[in-house]
Each structure stands twice: as C-alpha cells, then as structure tokens.
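Undergrad: Here are the chains, one letter per residue:
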Amino acid sequence: MPTFSTDEVARVAALARIDLEPAELERLAGELEVIVHAVERVSEAVGDDTPATSHPIPLANVFREDVVEPSLPAQDALAAAPASEDGRFLVPQILGED
Amino acid sequence: MTATTHDLLGYEDAIARFDPVIGLEVHVELGTRSKMFCPSGTEFGAEPNSLVSPVSLGLPGALPVVNRTAVEYAIRIGLALDCQIAQTCRFARKNYFYPDVPKNFQTSQYDEPIAYDGHLDVELDDGDVFRVEIERAHMEEDAGKNTHVGGRTGRIHGAEYSLVDYNRAGIPLVEIVTRPVVGTGERAPEVARAYVQSLRELFRTLGVSEARMERGNVRADVNVSLRPSPEAPLGTRTETKNVNSFRSVERAVRYEIRRQATILASGGSILQETRHWHEDSGTTSPGRVKSDAEDYRYFPEPDLVPISPSREWVEEIRAGLPERPGARRRRLQEDWGFTDAEMRDAVNAGAAELIEATVAAGAPPAAARKWWLGELLRTANARGVDLGGLGVTPAQIGQLQVLVDSGRINDKLARQVLEGVLAGEGDPEAVVLSRGLEVVSDDAALLEAVDAALASQPDVAEKIRSGRIQAAGAIVGAVMKATRGQADAARVRELVLERVGA
Chain A
1 MPTFSTDEVA RVAALARIDL EPAELERLAG ELEVIVHAVE RVSEAVGDDT PATSHPIPLA
61 NVFREDVVEP SLPAQDALAA APASEDGRFL VPQILGED
Chain B
1001 MTATTHDLLG YEDAIARFDP VIGLEVHVEL GTRSKMFCPS GTEFGAEPNS LVSPVSLGLP
1061 GALPVVNRTA VEYAIRIGLA LDCQIAQTCR FARKNYFYPD VPKNFQTSQY DEPIAYDGHL
1121 DVELDDGDVF RVEIERAHME EDAGKNTHVG GRTGRIHGAE YSLVDYNRAG IPLVEIVTRP
1181 VVGTGERAPE VARAYVQSLR ELFRTLGVSE ARMERGNVRA DVNVSLRPSP EAPLGTRTET
1241 KNVNSFRSVE RAVRYEIRRQ ATILASGGSI LQETRHWHED SGTTSPGRVK SDAEDYRYFP
1301 EPDLVPISPS REWVEEIRAG LPERPGARRR RLQEDWGFTD AEMRDAVNAG AAELIEATVA
1361 AGAPPAAARK WWLGELLRTA NARGVDLGGL GVTPAQIGQL QVLVDSGRIN DKLARQVLEG
1421 VLAGEGDPEA VVLSRGLEVV SDDAALLEAV DAALASQPDV AEKIRSGRIQ AAGAIVGAVM
1481 KATRGQADAA RVRELVLERV GA
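Chains as they are written, first to last, in the numbering used here: chain A, 1 to 98; chain B, 1001 to 1502.
Hints were generated in silico from the structure; no laboratory data involved.
Idealized CB from N, CA, C, for every residue including glycine.
These stretches of chain B come out as covered by chain A in the derived footprint (C-beta under 8 Å, 3 or more residues): (1) 1028-1041; (2) 1045-1059; (3) 1068-1077; (4) 1296-1302.
Only chain B is shown next, with the shape it has when bound in the complex (with noise of 0.2 Å):
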C-alpha cells in the first residue's frame, strides 16, 4: 500500500476538528562495557556475532546474571525522571518468534518495573514547558541485528534470506513509556519530539548512554490518537514503530494525525495496529494487525530473581546525580548573560556543552558563543556533520580566542587560523607559528610596506598631505594586503598618518 499526502487533510484542517492524543516509548541501550545478562562486550561496529555468549545467543542451559550497573543506569534514569523506585521488581519473559531474539523471548520488565510515576518537564522551541507524565521505566534487552539479503534493497519484501548478527543482543535497555499525552493541539509534533529531544540530553547528562541516534542509541514508539474534543473519551490509537530521529518524531505525529482525520472525517474508524514509518516519504504503512500475534504470554522470569534496590543505594544514586539539563541550562545562561534566543540558539545547535569548556579555557562567554555558531556552525552544516563530529576542541577555540585577545592575532588572522586548525593543522598556536600568521607589530617591517605603498601611490600620498585624511584608508588597504592581512590596521593607519607629515 502507497500511501501520499497529498489526498489527506490539510493540518490545521485536521487539528481543527480533532483533539489529538499522544504517547512515546523511548528506548535508550544504556552505555554499559557489558552486556545486560552476560559478560560480552557492547563495543558499535564490531565484527559480526564476535560479542556473543551462550546467553546472549540462547543456547540451551544458558544461565543470565543481572549487570549491576545496568540496574544502577536504569535507577538514575528513574530518579531523574521524578519516578517511584520500586521497593523490589522482577524480570519477565516477553514470548515471540522473530529471527533476531535468538531465545523466542526477550527478557524484560511486564507488571513490575523497577521505576514508575514520573514526569519530565519538557521546553519548547519557544521557551514555553509541557509537562509529559511518565508511566513507567523498566529495564530489559536489546535484539539482534537482521540484514535482508535479495530483492529491493535490503527491505523484507522480496528478501530471499535474511542474515542475523547477535552483537547487539542482550545490550540492556530501559524503555520509558508515556501516560497519555493530553492538552497539546497543535504542538503535538512538537512537543513528541521535544520530548525525545529532552530525553536525549538527559541520558547524556546523566552518563547512562551515548545517546548516538544515528546509532540507534535511542528508538521512538510514537502512539497518536484523535478524539471530537478533549472531553471525548480517547480516541483508537497507532503505534509506529522504529522512529529514529528527532525531526521523523514530528513528522510521524503529524502524518498520522492528517491520515487518521483523513478517515474519521469521512465517517471511517481507525484500526488498531503497528505501523511503520518510511523516512524517504514521510508516510506511515500498517504493520501487524493488533491480534495473536501480539499475545506475548508474559510470566515471570525463573532464571532471575527479584532485584530489591534498598533505599540507601536508591539515596547514595539519588544523591551522585548531576544538575538536571533544565536547571543547568539556566543556570549557564544567567553566568554568560546570553538572551533567551542566543541560549535557546545555543542548545539546539549542541553547542551548550563546547561554550561552556571553551569559557573554561580561556574565552570569554560571547566569543565562544561566535565562534561556535558562526563559523564553525557554518562548516559543521556544510560538512553534514554535527558541531562534535568538526574535529575541532573546546581547549583550541578557547586557545584561539586567547591569541585574539592578546593582539597576537586579529580577527581576519583568527579566521585564517580556524581554517586551518579545521583542516587538521593542529593546534591554534602551530597553525599560527605554520603558516607564519602573527600580527606585525614590528614598526620596522610595517614602514617599509608603508613607504612602499606611499612610493607607489604619489597622488594619493599628496591628497593626504593635503589633509584629506580618508583618502589614507586606501594606503592602509595596500599594506593589509602586503603583509597578507597580518597587520594592525590602527596601527598603520598611525604609521601612514606620520610618515606624510599630515
């Protein structure tokens, strides 16, 4: 089935009659060096099926043990999110047959999950805060990898076989499910993917995740439901799967509240099913149809017992956790003096975090700031990379600035060194010393292109000395461009003003 957009409901249409409804599972494969159950290794890009043992491929007689670190991750995510830490919680089997489970279950968290009760107070591209409640975190496993050989581009139709790499099996998981979203309207995509957004920052805050999402460090289960009104009971919803991105987040939400318009307003009903999300044209297709096929026959994991954190652990991690994103961010602000818009600029370019260790060497606040949305935010876009991926420190910005701020460089040189510190050159202070971009500040050399450019221009050397002093700006000009911009331009304007006598 191909679906388009062109033949549904207009948005604002849609949002007009509807009452939307949205709920998120985010999952998050937490950054631990082993696996969830088994002492294999997690590393991203490893030779295929080289992180394996007898539990994580399922062999039989395979006994699983709890990472501890994991459960501690999964604790901290918890406690930041504002949840209940449940006083003890078990593990259950998740039954199903899929190529890349290799036990026929995944081991995960059913009706006790080791956190619960929570919110996260979102922010808004604007500055205004959405809260999304929190229903529950629990801890469970990730699956395997499948490649579909044959057919179209590895898709499943027409795949003849397909190929299973067990490296990420068994890589723990904390899946974070929503209540359900109400109040939103219009902002729903928005306020989905500012929540994924929040999520994001925060596990990297905390230290529990890379959180690469062109990894796959963290997935979105979007569930969107319509109603006539928000007193209406809610409304029948999808769940699709496999979101990945922060910007596919918002635009799942608001194709599938156009297409699920598109069907109540002509007097259809919406099915209840899994759909999948295709990135290329930002449409939904149906998956499974909610039905046996989904009766996963939860019980209790026998292999496992209860995990029953005591609360002095539960306060020692309560405790250890580092200032929330939203707390730390204005406070940030506040010491930068940055506005509303430069902040808000600020995080949702990533650049937070390398303003921040570029003040800590040496920059002042605002030149950080510059620095990293301008030229570098420039080149990162142009590169298609984000500011992290540039290959440039915090340490060599702040180093940089420090070389403008002692005069030993001026800004048109601090460009010149940028370059080449982006070019891999090395550090600000080699690239200086490399290409030999230090400011002239020997008069001796400066007089010398100063005569020069008098000698060469008489007429305009003669204007000046008729007191038409603007007209020394074309002789500053021609020695900028002698010493190859590497002069004071103050300085030779002085020296020029001097040498004719005016």
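Chain A with its partners taken away, still in its complex shape (with noise of 0.2 Å):
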C-alpha cells in the first residue's frame, strides 16, 4: 500500500502555488493516499498488453484552417483584468528571474 506523506503534499502544493496549513496538508494526505490507492487497483484488472490511454475516443486529426477571425476586441479583452495600462494586463512585480 503506497503511503503519501505530508512532504510531498507540500511540494505539489508549492508547484501548485496553494498555500497549505499543517492540518491541511494532514488531511490531504490521507484523501490523495485513498485516491491513489484507487487508481493503483485499475493497474491490477488490466495486463502490461493495454497500453495507456490518454484520450478515451478514438479521433485524430481534427483541424482548422489557416484562416483569420476578428479578435476580441483589446477593451473587452481587458475589462476583466483587475488592473490594466497602456492596453496591457498589468501584473506585480516578477520575482525570481532576469
């Protein structure tokens, strides 16, 4: 049985940008371990002759032409931002890199 521990619900929540309590990652812990362990059942009722499957319909190929539509509209574009300059989407301050 796979044990998820509370360090690795932190380092995904990090990656996932949530900030986490103690008591959260706690709980949180338990629900994924429940999830997985669900998951991890679904590997036993199929043999290593099933490959993966990451789109359940049996369709390729759907494409669009090259061609140009109206956009939307810059305004309508920023009207949900919650700050906006210039006609760009205006956003703190970028930490971390040059």
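Two chains, each in its own frame: build the complex with the hints.
TA: See below:
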C-alpha cells in the first residue's frame, strides 16, 4: 500500500501555488492516499499488453484551416483584468528571474 | 553577480584541457496567418492585445483547435531535417506559472514529438561540412510578451510591475532539439553559429517562417558541457536561454567554455542550471537552478485529440519540398561559375537569392555579384541594414546592368544611377532620364567639347600634333569633365586624334 507523505503534498501544493496549513496537509495526504490506492487497483485489472490511454474516443486529426477571424476587442480582453495600463495587462513585480 | 572575462582561462587554454560538447534548442515562429490553436491573427507590431481570443487569453471554457497549416509546416521542417514523421503524436501540457503564459501551462509536445531522428549537414566558413544529429522537432505555442516597468531600463530587477501583451501568445512554434554535438573540438562556437544559420536559411527556403532574427522569429537555447577528453562521459551542462543572434550564439558558447573550464581547472564543479546571456558584456549569469521550480508535470492535453498524419499526406508534403539550401547552393555556383570563395561571400552576405533574381532580370552573374557585393554591400553596411533592407530590387540592378551592357551608360554613370536608385528616385531607367545621365553618343556634341578643350589647351594640342599621342589623355579628361562623365572615353579619344590630324 503506497503512502503519501505530507512532504509530498506540500511539494505538489507549492508547485500549484496553493498555500496549505499543516492540518490541511495532513488531511489531504490521507485523502490523496485513498485516491491513489483506488487508481492503483486499475493496474491490477489490466495486463501489460493494454496501452495507456490518454484519449478515450478514437478520434484524430481534428483541424481548422489557417484562416484569421476577428480578434476579441482589446478593451473586452482587458475588461476583467484587475489592472491594466497602455492596453496591456498589469501584473505585480515578477520575482526570482532576470 | 557581475561576470567579466579577463579573469577567465583563455579560449585556447580551455580547449587544450577540455573537450566541449554542445546542444542546441532552436525555436522558430511559424509564418501562419492565424495562431496555433485559435483563429487570431499573427502580424508583428499590432496594437497590444488586439490579436487575442478566449483561447489565447486562457479564459475558462475556451477550447483549442489545431491549425492544419502549422502541422504541415512542422512536417515540412521534420522532412527537411531527414526526420521520421510520427505515425501518431499528441500534445501535452507543460505546467508553470509566469504572467506571459495565461493558461498557466504551455501547450507543447512531450513524449510524442511529431518528428524525430534526423540530421542537418552544416557548412562551416571554410567549406567543411559538419553533421548535426537532430533528436526531435516538436510543435508548441509561443508565450506573450512582458514589459517591465520601473527600475533600470526594463530589467526585472528593481521593476515595480510588468505589463503583458498576449498578441504573441499562441503563435505556432516548432522547437528543434539536437543530440549532444560531439567532435567539434575548438570549432564548437562556430558549429553552433553555423547550425543556427543553416536552420534559418532552411526555414526561409521551406517558406515556413520569415525567420527574422531581429523580430525574435528564431531563438536559440545553448547547452554547453565540458569533459576531460572525448572518451570521458558527458560533463554537467548549463543551458543559456534566449540567445537571439548568430554572433551571440557563437559568443555564448565561447564564453561558457571559458567559464566552465576556469571552474573545472581549479577543482570546482559545474552547477546544472539555466543561465542568461548578456549581449553587452558577452557573458552569462545564473538563472534558475534546475530543481522543483522546473518540475513541469507534463501530462497529455485532454482538450486536443492526437495527430496522425497519413502517409499519403506526408509523402505529398515530401514531394513538394523545395531544393535544400546546400544542393541549391552547389547548383547555383556551378551555373554562375563562381569560385568557392566567391560563393561563400555571396551566401554570407545574404546575396545568393538577390544575385539569382538579378541574373533572372538579365544581368550576367559576375556583374550581379559585383553590384551586390560591392557598392550595395558597402552602402548596406554603412546604413546598418542587410542587403534586402536597402530598398533596391534585383530587377532594378538587372536593368542597371542591361543599360551598361547596351552602352547607354558607362560604369561611372552606372554608379551615379545607382546612387539615384538608392536615394529612392525610381528605377534606373527613370534616374537616367531625370538626371540626364545617358552617354553622349552624338558626335557633333562631343566634337564641340573636344574643340573647346583643344582651344583652351593649345600647348597640349601642339604636343599631340607633334606625335606625342599619350598627351591626348589630358584633352580626353577635360572632355569627360565637361560632359560630366557622360561621354564614351574611347570615342572621345578617337575624335581628339582625328581633330588634331595626328
């Protein structure tokens, strides 16, 4: 039976930029363990000869032609932005990189 | 951390002690009319956020649909690199947070690229050919553009906030990844540069991208590692991101070789990390250390179905591929009778297509080469533009040469005509007329000028009459001056001798 440590939950939470309290880490570690265990049982039901499936419907090559359609007007694009300037989305200072 | 080069091991020293291995990841923006996954336009320099849709903004519920032409271009690139084209492949989400990626993931390909296992034969400056093995070429989308406000000149450090324009977000990209390039020795920087140059030429030939470096259509990430000898396992590599000119690619490889050699020679070890290139100082500085921050948690993109290019489609695309640049160059060189050095100069100056079109417009190859690599290249260099940016067309140069060959203008006048064309005065024919530059072939007009010159220099006239024919040069010179170079000097000479009865 796999175990899901609070450290692993904390790492995944950090990657997803989700801030969790220690109590939440504990609770989620338990819940995730149940989920992982349930999924694991699927591997018992299928053999090695069954390929992994990323798309359940056997459909491929859905394309659109290379034709331009009108853009969303810039003011509509920016309408829901918390802040904007000069027709651009304004975002807080970006840290950690140059 | 400010890096300088003077406390580093010299390049020759570094190469004497270590064997460099490079790897290149080149991104090319495809020249499709619409974006990769939505029908927004792609033109450069549009008003900010005027080429966006719910898909390219990552709005909830928006669903992507793949641009067929982008897939065709990716296959074209794959085939031109002698790659295998996947029977079936899929897109994947590359998850990371950055304001220029509005969905919080980039739609890319991960374990199933559309093309893999190819190679590109790269011609170096001295004509040597080096084969670069291609691991894969995959499809993905470009990010938006951040502008940092406040602090020093647009840099992140000290910026108060950033402004984001999503016009570029979702423009189709193909990323081409090499296998580790071994066996270059001291020529590693040159091979890296020549490889990116060859790719750029290929993109243009294939018609899949304008591949304009100054617009960031082609961007390279440069991997470098060192090992004690070619037999040793690969060393730890660094990846220098976004090196966007040919010269910078060469300089970045050279700098990293020196920097890493300096650390290794003093017993240190190389940190596997992303580094940033600084054009002004010619150095790199550390970016993110590879760690959790680069755990992209790739997973198959559920909103897009797989792409399974039929073999018929692939073969149709293969059949329509234009002649590869290398083969084309060899054919043109033979047709034109250029030496290896002449051909190389023409290619390096970006003049091969221009010469070809000029020849098609009626000029002999040698004359076409003389114009583009002489007068025009000098002007382009002086103006700081490439030959294509001069505003002079091959048709105009062809017409200019036809005027010379037909005797209507001479070489000297041709240069004045070109001056007019460069100044935007129109086609050569129009400049000849508006500036009145035609060769004076009317003997009566010439005789008038000859008589005037003889009359003003009676002593010279006397010398000629007494048999010192070489003295005629002074009279010819005076006539050429009087006719502002528009006379045929040989004819003038004949007339002078005739006149004095020598």
